[in-house]
Amino acid sequence: MIAVGLWFMNHAMESYSIGTLRRMGPGFFPAVLGGLIAVFGVLIALPAFFREGDPLGFEGRPFLMVCISIGVFAFVLERLGMVPAIFALVFCAAFAKPGPNLIENLALSVFLAISAVAVFIWGLGIPIQAFRWNI
Amino acid sequence: MEVFGDLLFGFQTAFSLQNLMYCFIGVFLGTFVGVLPGIGALATISMLLPLTFYVPPTTALIMLAGIYYGTQYGGSTASILMNLPGTPSSAVTCLDGYPMSNSGRAGVALFVTTLASFIGGSIGIVILTLFSPSLAEVALAFGPAEYFAMMLLGLVAASTLSQGSPVKGIAMVLAGLCLGMVGTDVQTGQQRYTFGIPELSDGFNLVAIAMGLFGVGEVIASVNKIRDQKADQRQKITFRSMVPTRDDWSRFWWPMLRGTGVGSFFGALPGTGTTISAFMAYAVEKKISKTPERFGKGAVEGVVSPEAANNAASQTAFIPTLTLGIPGDAVMALMLGAMIIAGVQPGPRLITEHPEIFWGLVASFWIGNVLLVILNLPLIGMWVKLLQIPYRFLFPSILMFIAIGVFSVNNNTFDIFMVLIFGVFGYFLMLLRFEPAPLLLGYILGPLMEEHLRRAMLLSRGDATVFVTRPISAAFIFVTTALLLWAIYAAIKGKINPKIDD
Numbered sequence: 001m002i003a004v005g006l007w008f009m010n011h012a013m014e015s016y017s018i019g020t021l022r023r024m025g026p027g028f029f030p031a032v033l034g035g036l037i038a039v040f041g042v043l044i045a046l047p048a049f050f051r052e053g054d055p056l057g058f059e060g061r062p063f064l065m066v067c068i069s070i071g072v073f074a075f076v077l078e079r080l081g082m083v084p085a086i087f088a089l090v091f092c093a094a095f096a097k098p099g100p101n102l103i104e105n106l107a108l109s110v111f112l113a114i115s116a117v118a119v120f121i122w123g124l125g126i127p128i129q130a131f132r133w134n135i
Numbered sequence: 001m002e003v004f005g006d007l008l009f010g011f012q013t014a015f016s017l018q019n020l021m022y023c024f025i026g027v028f029l030g031t032f033v034g035v036l037p038g039i040g041a042l043a044t045i046s047m048l049l050p051l052t053f054y055v056p057p058t059t060a061l062i063m064l065a066g067i068y069y070g071t072q073y074g075g076s077t078a079s080i081l082m083n084l085p086g087t088p089s090s091a092v093t094c095l096d097g098y099p100m101s102n103s104g105r106a107g108v109a110l111f112v113t114t115l116a117s118f119i120g121g122s123i124g125i126v127i128l129t130l131f132s133p134s135l136a137e138v139a140l141a142f143g144p145a146e147y148f149a150m151m152l153l154g155l156v157a158a159s160t161l162s163q164g165s166p167v168k169g170i171a172m173v174l175a176g177l178c179l180g181m182v183g184t185d186v187q188t189g190q191q192r193y194t195f196g197i198p199e200l201s202d203g204f205n206l207v208a209i210a211m212g213l214f215g216v217g218e219v220i221a222s223v224n225k226i227r228d229q230k231a232d233q234r235q236k237i238t239f240r241s242m243v244p245t246r247d248d249w250s251r252f253w254w255p256m257l258r259g260t261g262v263g264s265f266f267g268a269l270p271g272t273g274t275t276i277s278a279f280m281a282y283a284v285e286k287k288i289s290k291t292p293e294r295f296g297k298g299a300v301e302g303v304v305s306p307e308a309a310n311n312a313a314s315q316t317a318f319i320p321t322l323t324l325g326i327p328g329d330a331v332m333a334l335m336l337g338a339m340i341i342a343g344v345q346p347g348p349r350l351i352t353e354h355p356e357i358f359w360g361l362v363a364s365f366w367i368g369n370v371l372l373v374i375l376n377l378p379l380i381g382m383w384v385k386l387l388q389i390p391y392r393f394l395f396p397s398i399l400m401f402i403a404i405g406v407f408s409v410n411n412n413t414f415d416i417f418m419v420l421i422f423g424v425f426g427y428f429l430m431l432l433r434f435e436p437a438p439l440l441l442g443y444i445l446g447p448l449m450e451e452h453l454r455r456a457m458l459l460s461r462g463d464a465t466v467f468v469t470r471p472i473s474a475a476f477i478f479v480t481t482a483l484l485l486w487a488i489y490a491a492i493k494g495k496i497n498p499k500i501d502d
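Chain order of the listed sequences is A and B.
Sequence positions in the first sequence follow our numbering and run 1 to 135.
Sequence positions in the second sequence follow our numbering and run 1 to 502.
Here chain B stands alone, though its shape is the one from the complex (with noise of 0.2 Å):
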């Protein structure tokens, strides 16, 4: 097997003292916003892009996803001792986890939560390896028109499929589009939209735009909003309380693999990612539970099912990315850009080109999960008394993070007001309840699609029908136009049915 030579070769770059480390910072510190309400994922991977300056660009990525799926692992945490969800992806794993942890179970829920979240994690990292190699083989036939039509696809699914409404979500990635728009015109060398201003003749900085929209919008929102609380200190977690009964154990295996499957596909689609596949991981095991009515009461299935699915879909999501260049949900376009930024080009020949980035970091998610077990299980009490660190003493820290980072990307304090500005712009957004990650993708892909359909197009000698005649390239453009249809359809109903619009 050639896979397996080839995983053989990613633990070699894996188990490099740097590489090791940075992974163990990354799963750390995933876990560790992970456990914390009021900050997740996408504001922790933008505070710590500009540091990916500093390394090589395997070693970032591998700490960069060691905080994307650590998340997945320490989400459940909080949700489960406080009802509290750490991260929204596990937010329903509060519905039974927090009853089980009233009616004297938490450290049983701990456990299950962990091992599913491990399983899943595992499943689908053996997905990805199995898959991305030939997935990527394919996509080496893409031409311009292809990816113009696929990058479509996976702008108009982030922007349709995500929560909310899907006309703001579409508004949203335009948005975006027109950011990623500012700054040199890579064809004519012409400035767009810079005003004269010096700064941005590159276009917008990618961190102070991720940081502004994320991090700073994000703390203004939460200032008030998360109160201090105590974590609930009445039991102990032991190790003895974690031991599930029989009972726990048959409600665990099955529930465990229809979640890692739901967040398996799920994850791999462009423009759905973790949460969705933890809602529907839930939803499925409801519906096909003899006793539904145990629901939300502390039932196990329902805490290992979106768990596993959760953890699965964080591992798959990678498969898009790294594979075809295209970033499922806006963590994975942040991961995109530091690619980018690192000087290595998404898309299908990543995995021919630099094989030790691709398989270094498959072989860093095994050990990125064991390292999480170990974390999550044995050290769970010192997530607990994490808990208890007040928000009116992390705000001003992340801030000052936010501020530095932003700083040390060009040494300039220009992007410091510019996070400023998109700070000011994404809480606005949050107000009206706009989306801020569609306009993060359409960011990171306005310019490489303005560039292909350019291209495209003059391959074709200005032939507009060349979408829909490559067949390829039809089937994406059919996939969007379902999409959008489907889109105006739910629209239109919000507004005979206002509450379903939400």
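Same shape as in the complex, but just chain A (with noise of 0.2 Å):
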């Protein structure tokens, strides 16, 4: 965090002008940030040194299968269209869980899908291809 504050401060100062009190340049704000976040990022970290550590509880299976089926969503729906985009993201999620049940997932697709469809395709008339070829 310290590091991102200077960085910030440093990019700001370099790339530019930081100008007078009286005619500030686009560079005053974010320079005053950073050096602001790295103060901040001292402070922070100071007393975590001298405090036992508590687990942080860091889950990697949800967390990873999450990440994974909004990327596949956003990768799938601009080569083949929103419902197959959906039956991809539900598939990846429901591996967050262990154990997931198949036939479970698969009709939960079908019901999100033709939910889907009706609400932003047909109810708000969003600009989005329920299926697509496209790779």
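Don't take every hint at face value.
[As the list claims (entries may be wrong)] Label pairs and their calculated CB-CB ranges: (1) 349(B) <-> 103(A): 52 to 62 Å; (2) 115(A) <-> 4(B): 34 to 44 Å; (3) 115(A) <-> 411(B): 17 to 27 Å; (4) 64(A) <-> 482(B): 44 to 54 Å; (5) 410(B) <-> 64(A): 25 to 35 Å; (6) 75(A) <-> 475(B): 45 to 55 Å; (7) 283(B) <-> 115(A): 20 to 30 Å; (8) 115(A) <-> 479(B): 41 to 51 Å; (9) 83(B) <-> 115(A): 38 to 48 Å; (10) 110(A) <-> 4(B): 37 to 47 Å; (11) 484(B) <-> 110(A): 38 to 48 Å.
[Claimed, not checked] To spell it out: a stretch of chain A is covered by chain B in this simulated footprint if at least three of its residues, at any positions, have a beta carbon under 8 Å from a beta carbon of chain B; those stretches are: (12) 63-74; (13) 77-90.
[Stated by the list, open to error] Just a sample of chain A residues kept apart from chain B, beta carbon distances all over 10 Å, derived: (14) 94; (15) 102; (16) 108; (17) 110.
It should be emphasised that the hints constitute simulated quantities derived from the structure, not laboratory data.
Quantities reported herein were computed from a predicted structural model and do not represent experimental measurements.
Ideal Cβ placement from N, Cα and C applies to all residues, glycine included.
Dock chain to chain to rebuild the complex, using the hints, since each chain is given by itself in its own frame.
Put into structure tokens, the structure is as follows:
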């Protein structure tokens, strides 16, 4: 975080004219912000060293599968359209919990695909294609 | 009375078929997500933000606001029946609501909370109606210096008074401000922090940030946390079981009014929202009670007061948002974002320039609250059934709505990847116990703050003392400094006694 703050400030100072207080350039505000962030990074990091760490409780499986499902959705959406993308998303997401039930998820995909087409395409007229072929 | 004429005008707006329908959708969805644990008003409103591009601004705001106060009603249902708060602000309701349910008085608990919510909400609306126009008039005299100082106060208040460590809160606000800098500089047209990516020249997409932080992050965190469990089916909620005894009534009115008072006050302050109001109201009630030992074992006061408070707060929270353009919490920040997207400039001129939005919204609050009573009392059985939808069906649906929603903003898969990045970011923030809400506030207020700061400096010819020499601005700065000092004090105290720092 300290690093990010310093980088933000540095970038602002190097790339944009800071100007004077009277005529502030586009770099002034970000530069100050970057400095403040670095200060707060120190404020947070220092006490953290003196404290006993408690476990973070990071859960890899849901994290990975949720990310993959969204990524896959975007990928399939561009190439095959919305309905296949929904199927892909639901099946990937199902693996976030152990022991997915494939039949249940198939039913859920069908239900979601129908409601999504009804709400987004017919209801709101969002320009998105249910099916397409563009690989 | 001029107010009545304006209100009448508001009702004319709100009673159009389209607005009524969206108001209903809003409160319905609000109750729905309020009842369901694991998804709250923030995630829902950010999911529905893209839909607001397709309807007029008044209608959109009516719907989004309906979700917001609808969750306050729905949240108590899960608290009482399952000891699982549907929303953070109804966490206190569990303390006495669940014991009531265990002793076979779930019906009474649901009835009194709905009634208290309705009356608390109504009083909140009256306060909103009476105070907003005059406050907006005062605010018209504000110059850029006052605006900057006021926003500073709002951000500092939001970050120091929220749950969790104030230092982390302020750091989150700063991070939000930095994110707000991305894009084209308004005054010079220079591209900042875009790294030549054309999609970033308009800045980060608000919808992508909000959905990533509150939607995706929340889903990742809840997948394993929320156990699918059955709602308490032992007792049927019938109308007969809802009738409170005379003893209940005698414990109803005063706690309700006190809760409303506490809620209205904290709701109207920038930075403190419904959750803090509910906790404060419970604390007040317990302190002044002659029999504090009854609390936690099913005391009627312990459910009535916090529920009245969080509903009153959810209405008065609109005061700073609509009159000053300063959001009190993250939900209000999203509402402001929705206004800006719809091309409506929030601020003191909103009431005079867009009376249909202000008065229509106020009138829709009345309609929405009446609808909510209908939804929550006779139809309570339906919500109880809904509590049984397992989360393994829910979270893929949420992810789908997020993905399609963010795509529809610009018809661009780039935004879906942005959601992904912010989702990962949001999840790690949650793991490290940073509150994402102040970040969103900072993101929305950042560009406005920078603009006002530069304008103030331009007007004062580079004289930075302008913030302390103008009385209103000086007052804001004074309160801000006091809050910061308090935060530093709390941080030091927390270091000596780490148990407090939670």
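Comparing the hints with the structure gives:
no., hint, result
1, 349(B) <-> 103(A): 52 to 62 Å, "holds, 57 Å"
2, 115(A) <-> 4(B): 34 to 44 Å, "holds, 43 Å"
3, 115(A) <-> 411(B): 17 to 27 Å, "holds, 20 Å"
4, 64(A) <-> 482(B): 44 to 54 Å, "holds, 46 Å"
5, 410(B) <-> 64(A): 25 to 35 Å, "holds, 27 Å"
6, 75(A) <-> 475(B): 45 to 55 Å, "holds, 54 Å"
7, 283(B) <-> 115(A): 20 to 30 Å, "violated, 43 Å"
8, 115(A) <-> 479(B): 41 to 51 Å, "holds, 48 Å"
9, 83(B) <-> 115(A): 38 to 48 Å, "violated, 31 Å"
10, 110(A) <-> 4(B): 37 to 47 Å, "violated, 52 Å"
11, 484(B) <-> 110(A): 38 to 48 Å, "violated, 55 Å"
12, 63-74, "holds (count 8)"
13, 77-90, "holds (count 7)"
14, 94, "violated, 7 Å"
15, 102, "holds, 13 Å"
16, 108, "violated, 6 Å"
17, 110, "holds, 12 Å"
When each numbered hint is compared with the structure, violations occur for hints 7, 9, 10, 11, 14, 16.
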